[in-house]
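**Student:** Chain by chain, the residues run as shown.
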Amino acid sequence: RKEVEQDPGPFNVPEGATVAFNCTYSNSASQSFFWYRQDCRKEPKLLMSVYSSGNEDGRFTAQLNRASQYISLLIRDSKLSDSATYLCVVNPMDSSYKLIFGSGTRLLVRP
Amino acid sequence: DTAVSQTPKYLVTQMGNDKSIKCEQNLGHDTMYWYKQDSKKFLKIMFSYNNKELIINETVPNRFSPKSPDKAHLNLHINSLELGDSAVYFCASSQGTAVSGYTFGSGTRLTVV
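Going line by line, the protein sequences match chains A and B.
Letter 28 of the first sequence, counting from 1, is numbered 27 in the numbering used here, and no numbers are missing.
Letter 56 of the second sequence, counting from 1, is numbered 749 in the numbering used here, and no numbers are missing.
Please note: incorrect hints may appear among the correct ones.
[Unchecked claim] Distance condition first, Cα-Cα at most 30 angstroms in a straight line; then the derived DSSO-like pairs of lysine-lysine:
1. A:41 / B:764
2. A:97 / B:702
3. B:734 / A:41
4. A:78 / B:712
5. A:97 / B:715
6. B:745 / B:760
7. A:78 / B:764
8. B:734 / B:760
9. B:733 / A:97
10. B:760 / B:715
11. A:78 / B:733
12. A:44 / B:734
13. B:733 / A:41
14. A:78 / B:745
15. B:715 / A:78
16. A:97 / A:41
17. B:733 / B:702
18. B:760 / A:78
19. A:41 / B:702
20. A:44 / B:733
21. A:44 / B:764
22. B:737 / A:41
23. B:729 / A:41
24. A:97 / B:712
25. A:1 / B:737
If you're looking for bench data, these hints aren't it; they were derived computationally from the structure.
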């Protein structure tokens with residue numbers, strides 16, 4: 000089983016739609032969680048950290064469910080510029096220096 | 694000012710050659726990393742250095758040798774390149790551990806022919 004699993008997509012949605020991605024992780028002792036965004040042929044960039052209480056940044060909301068070991072990202076009012084691959088990222092317990100990346104969920108926002 | 698810079702951006706080379714990729718960060722971070730992103734877009738950690746000391750070596754073949762002359766630089770030397778080494782190599786940095794996330798460089802696209 001992969002340490003971090005995501006649906007690869009693509010999710011193809013119209014502008015203005017709300018879209019949600021989920022991700023599951025295998026190590027229950029994982030300590031930090033993130034969503035990164037990666038545009039085509041570019042480097043991953045930190046979108047937001049994910050906190051146990053849930054957190055929001057503008058149109059983006061991240062949730063963590065430790066009991067079920069999943070993380071979610073909700074994007075409201077999708078923009079064309081949101082088209083990218085969204086990477087679910089986990090900091091495992093065995094090394095506080097390491098981040099484990101999911102293979103990403105691709106989002107396409109159409110006009 | 695680029696926070697994490699890698700050179701070269703593109704590298705095309707023949708099997709068996711030796712090549713190096715350089716990475717520098719101006720963020721004042723003390724931890725640097727090398728990741729490999731393969732053709733399936735899967736990002737996997739290779740090495741991590743904290744204050745010039747190796748702290749993670751993720752069972753990478755010993756043809757890959759990282760070198761950190763100071764905490765702002767982490768270079769990657771690859772000997773005897775193989776076809777399977779073709780990938781995008783990303784350098785990253787963080788202040789201390791990864792709990793605040795990383796900042797990535799723009800990547801080096803290596804093609805071995």
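**Student:** For the pair supplied as a hint, residue 734 of chain B and residue 760 of chain B, confirm whether the alpha-carbon distance does not exceed 30 angstroms.
**Tutor:** holds (25 angstroms)
**Student:** Between the alpha carbons of residue 733 of chain B and residue 41 of chain A, is the straight-line distance 30 angstroms or under?
**Tutor:** Measuring from Cα to Cα gives roughly 15 angstroms; hence the hint holds.
**Student:** CA of residue 44 of chain A to CA of residue 733 of chain B, is that 30 angstroms or under?
**Tutor:** holds (18 angstroms)
**Student:** Starting from residue 97 of chain A, check that the Cα of residue 702 of chain B is at most 30 angstroms away, please.
**Tutor:** holds (24 angstroms)
**Student:** Residue 97 of chain A and residue 715 of chain B: Cα distance at most 30 angstroms?
**Tutor:** holds (21 angstroms)
**Student:** If you draw a straight line from the CA of residue 737 of chain B to the CA of residue 41 of chain A, is it 30 angstroms or shorter?
**Tutor:** Since the Cα atoms of residue 737 of chain B and residue 41 of chain A sit roughly 16 angstroms apart, the hinted pair holds (cutoff 30 angstroms).
**Student:** Going straight from one Cα to the other, do residue 41 of chain A and residue 764 of chain B come out at no more than 30 angstroms?
**Tutor:** Holds - the C-alpha atoms of residue 764 of chain B and residue 41 of chain A are around 24 angstroms apart, at most 30 angstroms.
**Student:** Holds or violated: residue 760 of chain B with residue 78 of chain A, Cα cutoff 30 angstroms?
**Tutor:** With a Cα-Cα distance of about 42 angstroms, the restraint between residue 760 of chain B and residue 78 of chain A is violated, given a limit of 30 angstroms.
**Student:** Straight-line Cα separation of residue 760 of chain B and residue 715 of chain B no greater than 30 angstroms?
**Tutor:** holds (10 angstroms)
**Student:** Residue 715 of chain B and residue 78 of chain A: Cα distance at most 30 angstroms?
**Tutor:** violated (36 angstroms)
**Student:** Does the alpha-carbon distance linking residue 78 of chain A and residue 733 of chain B stay inside the 30 angstroms limit?
**Tutor:** holds (26 angstroms)
**Student:** Next pair to validate is residue 733 of chain B with residue 702 of chain B; report whether the Cα-Cα distance is within 30 angstroms.
**Tutor:** Holds, because 20 angstroms separates the two Cα atoms, which is no more than 30 angstroms.
Taken one by one, the earlier hints fail for this structure at numbers 4, 7, 14, 15, 18, listed in ascending order.
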